[in-house]
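With these hints in hand, go ahead and build the complete structure from the sequences.
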Amino acid sequence: MMTKDTLPAAAAALLPCWSCKGPVSARALFCSTCGAVQAPGQADHFTRLGLARGFDLAPADLDRQYFGFQRRLHPDRFATRSPKERALSQQQATALNDAYETLKDPLRRAAYLLRLAGQVVNVEQAGTVDDPALLMEAMEMREALAEADGPEAVAKLQAKAEQDVAACVKALSAAFAADDLDGAGRLTTRLKYLGKLADEAKARRMRLTRHDF
Amino acid sequence: MLLQIHEPGQTPDPHADDRGLAVGIDLGTTNSVVALAHDGETRVLRDGDGNGLIPSVVAYGEDGTVLVGREARRQLLERPDTVISSIKRLMGRGVADVKAVAGTLPFELDSAAAGGMVRLKVAGRTLTPVEISADILRAVKARAEAAQGKGVDRAVITVPAYFDDAARTATKDAARLAGLEVLRLVNEPTAAALAYGLDNGAEGLYAVYDLGGGTFDISLLHMEKGVFQVRATGGDAALGGDDFDHAVAEHFLAERAAALGHSTLTSAEAKQALATARVAKECLSVSTQGEWFIDLGDQPSRHALDRATFEALAEPFVERTIRICRGVLEDAGVTADEVKGVVLVGGSTRVPLVRRRVAELFGRPPLADINPDEVVAVGAALQAEALTVGSDTLLLDVTPLSLGLETMGGIVEKVIHRNTPIPVALAQEFTTYQDGQDAMLIHVVQGEREMVDQCRSLARFVLHGIPPMTAGAARIRVSFTVDADGLLTVSARETVTGVEQQVSVKPSYGLSEEEMAVMLRASMLHAREDMELRLLTETKVEAGRSLLAVKAALAVDKDLLSAGELAGIEAALAALEALLSGTDRAAVQAGIDALEAATKIFAERRMDRGIRQALAGVSVDRLDQTLLPDA
Numbered sequence: 012m013m014t015k016d017t018l019p020a021a022a023a024a025l026l027p028c029w030s031c032k033g034p035v036s037a038r039a040l041f042c043s044t045c046g047a048v049q050a051p052g053q054a055d056h057f058t059r060l061g062l063a064r065g066f067d068l069a070p071a072d073l074d075r076q077y078f079g080f081q082r083r084l085h086p087d088r089f090a091t092r093s094p095k096e097r098a099l100s101q102q103q104a105t106a107l108n109d110a111y112e113t114l115k116d117p118l119r120r121a122a123y124l125l126r127l128a129g130q131v132v133n134v135e136q137a138g139t140v141d142d143p144a145l146l147m148e149a150m151e152m153r154e155a156l157a158e159a160d161g162p163e164a165v166a167k168l169q170a171k172a173e174q175d176v177a178a179c180v181k182a183l184s185a186a187f188a189a190d191d192l193d194g195a196g197r198l199t200t201r202l203k204y205l206g207k208l209a210d211e212a213k214a215r216r217m218r219l220t221r222h223d224f
Numbered sequence: 254m255l256l257q258i259h260e261p262g263q264t265p266d267p268h269a270d271d272r273g274l275a276v277g278i279d280l281g282t283t284n285s286v287v288a289l290a291h292d293g294e295t296r297v298l299r300d301g302d303g304n305g306l307i308p309s310v311v312a313y314g315e316d317g318t319v320l321v322g323r324e325a326r327r328q329l330l331e332r333p334d335t336v337i338s339s340i341k342r343l344m345g346r347g348v349a350d351v352k353a354v355a356g357t358l359p360f361e362l363d364s365a366a367a368g369g370m371v372r373l374k375v376a377g378r379t380l381t382p383v384e385i386s387a388d389i390l391r392a393v394k395a396r397a398e399a400a401q402g403k404g405v406d407r408a409v410i411t412v413p414a415y416f417d418d419a420a421r422t423a424t425k426d427a428a429r430l431a432g433l434e435v436l437r438l439v440n441e442p443t444a445a446a447l448a449y450g451l452d453n454g455a456e457g458l459y460a461v462y463d464l465g466g467g468t469f470d471i472s473l474l475h476m477e478k479g480v481f482q483v484r485a486t487g488g489d490a491a492l493g494g495d496d497f498d499h500a501v502a503e504h505f506l507a508e509r510a511a512a513l514g515h516s517t518l519t520s521a522e523a524k525q526a527l528a529t530a531r532v533a534k535e536c537l538s539v540s541t542q543g544e545w546f547i548d549l550g551d552q553p554s555r556h557a558l559d560r561a562t563f564e565a566l567a568e569p570f571v572e573r574t575i576r577i578c579r580g581v582l583e584d585a586g587v588t589a590d591e592v593k594g595v596v597l598v599g600g601s602t603r604v605p606l607v608r609r610r611v612a613e614l615f616g617r618p619p620l621a622d623i624n625p626d627e628v629v630a631v632g633a634a635l636q637a638e639a640l641t642v643g644s645d646t647l648l649l650d651v652t653p654l655s656l657g658l659e660t661m662g663g664i665v666e667k668v669i670h671r672n673t674p675i676p677v678a679l680a681q682e683f684t685t686y687q688d689g690q691d692a693m694l695i696h697v698v699q700g701e702r703e704m705v706d707q708c709r710s711l712a713r714f715v716l717h718g719i720p721p722m723t724a725g726a727a728r729i730r731v732s733f734t735v736d737a738d739g740l741l742t743v744s745a746r747e748t749v750t751g752v753e754q755q756v757s758v759k760p761s762y763g764l765s766e767e768e769m770a771v772m773l774r775a776s777m778l779h780a781r782e783d784m785e786l787r788l789l790t791e792t793k794v795e796a797g798r799s800l801l802a803v804k805a806a807l808a809v810d811k812d813l814l815s816a817g818e819l820a821g822i823e824a825a826l827a828a829l830e831a832l833l834s835g836t837d838r839a840a841v842q843a844g845i846d847a848l849e850a851a852t853k854i855f856a857e858r859r860m861d862r863g864i865r866q867a868l869a870g871v872s873v874d875r876l877d878q879t880l881l882p883d884a
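As they're listed, the protein sequences go chains V and W. Per the working numbering, residue 12 is the first one in the first sequence, and the count goes up by one each step. Per the working numbering, residue 254 is the first one in the second sequence, and the count goes up by one each step.
Careful: at least some of the hints might be erroneous.
Capping the alpha-carbon separation at 27 Å, the derived lysine-lysine pairs in DSSO-like fashion look like this [to be verified]:
1) V:Lys95 / V:Lys115
2) W:Lys667 / W:Lys425
3) V:Lys181 / V:Lys115
4) W:Lys667 / V:Lys207
5) V:Lys213 / V:Lys171
6) V:Lys181 / V:Lys171
7) W:Lys811 / W:Lys853
8) W:Lys374 / W:Lys524
9) W:Lys478 / W:Lys593
10) V:Lys167 / V:Lys213
11) V:Lys181 / V:Lys207
12) W:Lys425 / W:Lys403
13) W:Lys853 / V:Lys95
14) W:Lys667 / V:Lys213
15) V:Lys95 / W:Lys804
16) W:Lys478 / V:Lys115
17) V:Lys95 / W:Lys425
18) W:Lys374 / W:Lys425
19) V:Lys115 / V:Lys207
20) V:Lys207 / V:Lys167
21) W:Lys593 / V:Lys115
22) V:Lys181 / V:Lys213
23) V:Lys115 / W:Lys667
24) V:Lys171 / V:Lys207
25) V:Lys213 / W:Lys593
26) V:Lys115 / V:Lys213
27) W:Lys804 / W:Lys853
Pairwise CB distance ranges (calculated) [to be verified]:
28) W:Gly273 / V:Arg64: 44 to 54 Å
29) V:Glu148 / W:Thr588: 21 to 31 Å
30) V:Glu148 / W:Lys478: 56 to 66 Å
31) V:Ala54 / W:Ala724: 29 to 39 Å
Just so you have them, the derived chain V footprint on chain W, three or more residues with Cβ under 8 Å [to be verified]:
32) 639-650
33) 799-807
If you're looking for bench data, these hints aren't it; they were derived computationally from the structure. Beta carbons are placed, not taken as given, at the ideal position from N, Cα and C, and that holds for glycine.
Put into structure tokens, the structure is as follows:
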């Protein structure tokens with residue numbers, strides 16, 4: 012019996028183009044017959060930007076892909092078109108921005124990869140941390156920050172925090188490469204806290220240097 | 254049949270020739286400028302005397318006449334109570350916002366107006382900043398039409414990057430009143446970068462420092478191969494060269510009061526002191542000292558000022574801009590020495606103190622080889638051409654201010670953070686805090702502070718009909734959408750029952766649709782005809798798309814039709830094409846519908862063929878064209 016599941020994927024993924032009504036792949040950005048822009052389909056952020064799924068991602072590659080797609084899909088390319096085409100291009104550009112913003116930041120990229128693999132790490136909200144070493148480290152850093160009395164001392168702490176962030180990103184890369192998702196999960200939580208500490212150090216340094224003049 | 258082949262998504266607007274010109278407009282606090290681009294060559298449109306600047310000053314006569322520009326500015330001193338300047342500072346402002354600064358503005362506010370948009374009393378009329386800005390835009394439009402001998406009906410209009418949602422909406426409304434379709438609102442620093450980058454082939458990280466009459470913006474942009482990506486932006490929508498003038502005017506008035514023994518000030522004195530201060534500021538940008546007179550009736554006063562004193566008066570304002578610059582560098586995570594160049598925009602960057610402080614901050618002399626008064630309009634013109642004719646350049650802009658919602662205790666929950674690339678859509682879930690709560694107030698705010706009362710309120714609306722549940726059980730999903738103009742739409746939805754409400758964020762300080770309708774009717778532009786023309790154009794664009802789509806389909810799948818069926822479709826095509834030369838919108842729409850009906854069976858057969866081919870394992874390359882970005 013032929014069910015939807017047994018249809019070849021390509022046939023199941025055919026949709027009528029909204030403009031010329033002919034068949035168009037659900038993944039296509041433009042109809043190959045009439046050229047009309049299509050709605051952004053379901054796709055993970057890597058697929059959307061034409062990138063291999065993985066933690067290691069060169070910023071230059073990400074930018075090149077993102078700019079390349081935006082050049083074709085940004086609403087500025089559709090300013091004189093019909094309202095429907097303008098709306099679709101806005102949806103496409105919005106989806107591209109979402110993908111770009113998620114993949115650009117190592118923390119969000121790591122959390123996203125874990126989510127794709129079925130693991131959840133909440134990077135937006137403060138969750139509970141069950142890693143006593145990490146908690147201790149964070150507490151010590153906060154104390155040091157509170158006690159640092161000059162811009163130089165704070166700048167030193169900021170530099171240390173930024174080094175820690177860089178080291179953690181490196182470790183994350185190794186964990187993902189080894190397919191060690193548990194390790195990657197722990198490191199992602201750690202990266203979240205280290206990033207917060209670096210931000211706090213930066214904010215404190217900015218406040219201090221602004222008193223200079 | 255011969256078929257034109259275009260890049261996907263790049264088919265040209267088939268009726269571009271029907272339209273008037275699309276220009277770029279810098280609607281400034283002090284001056285406005287209009288420019289036109291053709292094949293990448295730009296031209297500032299000037300009056301008969303070669304002036305590119307149109308003073309953003311409007312004089313209202315008792316007889317209903319409206320005068321804009323140089324002549325209006327001349328009357329600023331003679332009839333100060335009927336002449337309006339610097340109206341941009343009030344765009345999108347509410348009555349409460351303006352009270353705080355009322356003393357420093359040369360306007361008489363209509364105190365009767367409660368809440369909502371601020372209104373001005375002038376020459377026996379009550380006008381909103383939107384209407385006054387529309388009068389300026391009408392003059393700008395007229396200038397462009399006179400210079401080109403052709404109608405102008407579309408424009409890219411620039412706004413300060415730091416303009417909030419209310420001010421952006423007000424600008425768009427003003428254009429609508431003036432009979433201009435806004436192709437895009439572009440941030441001023443971004444427009445300047447476009448003009449600058451395209452002229453100089455600049456690549457790398459650039460800062461645009463834009464100090465105008467009433468607004469300050471700083472943007473950091475990454476430029477490469479025609480892509481202008483805004484990395485971070487900041488500013489102050491109420492900081493500019495006007496503040497220098499005010500400081501100098503206060504200095505003059507204090508001297509005058511001391512010399513003449515006065516203690517109270519008339520509005521006329523304040524205006525003349527301001528005008529004198531402006532002249533003094535401009536002089537002191539080239540010379541190091543001078544003497545000026547405030548001459549009212551029989552009471553002249555003399556005021557000497559040197560550059561050092563002027564700079565001491567201006568310093569606090571320049572210092573504020575430098576602090577904002579540092580903050581934006583921090584936001585972008587870069588240091589000043591990573592910035593390859595600093596572009597100066599805005600007349601106030603002619604002040605030597607400003608140039609010195611900017612050079613100190615970035616450790617390099619700033620670039621100002623394009624006239625800082627005109628560079629924004631030039632960029633806007635380039636973008637207008639890019640939007641209407643096509644272009645390889647791409648502007649990727651960001652939200653200047655965070656957008657969020659009020660939560661319990663007056664705390665702001667940010668939904669979209671500042672410096673997020675637009676367009677963007679983000680949603681967040683909230684819940685009820687009382688058992689059986691059946692409604693929720695959605696209060697949308699804009700700003701960086703944690704508490705609601707320190708942010709700008711954009712809109713409030715109530716989501717009704719939440720089914721009774723225990724506290725915390727309802728799931729209310731609030732979605733924020735910001736389009737490429739930077740304009741926000743908010744919708745709220747209870748996800749269990751699907752109760753939904755949507756608002757374009759407009760009410761708090763904006764004009765309601767009804768108010769707009771009244772103004773459009775009252776405007777001299779025959780608004781109804783104007784609106785009808787716009788609808789006709791839209792319908793023709795839609796007809797053009799429909800024609801191209803059917804022709805493209807015929808070129809590929811014509812064999813699916815019998816001769817009779819094909820003749821039917823071709824007749825519908827020809828009928829619609831014939832209608833395009835007319836002006837009957839309903840007929841064009843009927844033609845579109847008829848073509849749709851005539852191709853219904855054709856469409857079904859094409860889908861069937863596609864699926865059959867896919868099932869048979871025929872290569873679906875043709876169907877599966879995805880886009881490969883340029884390597």
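Here's how the hints hold up against the structure:
Restraint check: the Cα-Cα separation between Lys95 (chain V) and Lys115 (chain V) comes to about 30 Å, which exceeds 27 Å; the hinted pair is violated. Taking the CA atoms of Lys667 (chain W) and Lys425 (chain W), the gap is near 26 Å; set against the 27 Å cutoff, the hint holds. A hinted pair counts as satisfied when its Cα atoms are at most 27 Å apart, and Lys181 (chain V) with Lys115 (chain V) qualifies at roughly 15 Å. With a C-alpha separation of about 17 Å, the suggested pairing of Lys667 (chain W) with Lys207 (chain V) holds against the 27 Å cut-off.
For the proposed pair Lys213 (chain V) and Lys171 (chain V), the alpha carbon gap of about 11 Å is at most 27 Å, so the pair holds. A hinted pair counts as satisfied when its Cα atoms are at most 27 Å apart, and Lys181 (chain V) with Lys171 (chain V) qualifies at roughly 15 Å. Distance hint between Lys811 (chain W) and Lys853 (chain W) is fulfilled; the C-alpha atoms sit about 14 Å from each other, no more than 27 Å. Only pairs whose Cα atoms come within 27 Å are accepted, and Lys374 (chain W) paired with Lys524 (chain W) is accepted, the gap being roughly 16 Å.
Straight-line distance between C-alpha atoms of Lys478 (chain W) and Lys593 (chain W) comes to about 16 Å, which keeps the hinted pair within the 27 Å bound. Between the alpha carbons of Lys167 (chain V) and Lys213 (chain V) the distance comes to roughly 10 Å, so the proposed pair stays at or under 27 Å and holds. Our distance criterion of 27 Å between C-alpha atoms is met by Lys181 (chain V) and Lys207 (chain V), whose separation comes to about 18 Å. With a CA separation close to 23 Å, the supplied pair Lys425 (chain W) and Lys403 (chain W) stays within the 27 Å bound.
With a CA separation close to 20 Å, the supplied pair Lys853 (chain W) and Lys95 (chain V) stays within the 27 Å bound. With a C-alpha separation of about 21 Å, the suggested pair Lys667 (chain W) and Lys213 (chain V) falls inside the 27 Å cut-off, and the hint holds. Restraint check: the Cα-Cα separation between Lys95 (chain V) and Lys804 (chain W) comes to about 19 Å, which is no more than 27 Å; the hinted pair holds. Pair hint Lys478 (chain W) plus Lys115 (chain V) holds up; C-alpha atoms about 20 Å apart against a cutoff of 27 Å.
Of the supplied pair hints, the one linking Lys95 (chain V) and Lys425 (chain W) holds, its CA atoms being roughly 21 Å apart against a limit of 27 Å. Taking the CA atoms of Lys374 (chain W) and Lys425 (chain W), the gap is near 23 Å; set against the 27 Å cutoff, the hint holds. Taken as a hint, the Lys115 (chain V) and Lys207 (chain V) pair is honoured in the structure, with Cα atoms around 17 Å apart against an allowance of 27 Å. For the suggested pair Lys207 (chain V) and Lys167 (chain V), the alpha carbons sit about 16 Å apart, so the restraint of at most 27 Å is met.
A hinted pair counts as satisfied when its Cα atoms are at most 27 Å apart, and Lys593 (chain W) with Lys115 (chain V) qualifies at roughly 23 Å. As the CA atoms of Lys181 (chain V) and Lys213 (chain V) are separated by approximately 22 Å, the hinted pair is consistent with the 27 Å bound. Our distance criterion of 27 Å between C-alpha atoms is met by Lys115 (chain V) and Lys667 (chain W), whose separation comes to about 20 Å. Taken as a hint, the Lys171 (chain V) and Lys207 (chain V) pair is honoured in the structure, with Cα atoms around 13 Å apart against an allowance of 27 Å.
Restraint check for Lys213 (chain V) and Lys593 (chain W): satisfied, since their Cα atoms lie roughly 23 Å apart, inside the 27 Å limit. Restraint check for Lys115 (chain V) and Lys213 (chain V): the C-alpha separation of about 20 Å stays at or below 27 Å, so the hint holds. Proximity of Lys804 (chain W) to Lys853 (chain W) is assessed by CA-CA distance (about 14 Å); at most 27 Å being required, the pair is judged to hold. Here the CB-CB span from Gly273 (chain W) to Arg64 (chain V) is close to 49 Å, well matched to the stated 44 to 54 Å.
Under the hint 21 to 31 Å, the C-beta atoms of Glu148 (chain V) and Thr588 (chain W), about 27 Å apart, fit the expected range. Distance hint for Glu148 (chain V) and Lys478 (chain W): a CB-CB separation of about 43 Å, inconsistent with the stated range 56 to 66 Å. Taking the beta carbon of each, Ala54 (chain V) and Ala724 (chain W) are about 38 Å apart, inside 29 to 39 Å as hinted. Three residues within the 8 Å Cβ limit are the bar, and the segment 639-650 of chain W against chain V gives 8, so the coverage statement holds.
Restraint check on the segment 799-807 of chain W versus chain V: 6 residues with Cβ-Cβ distances below 8 Å, three needed, restraint holds.
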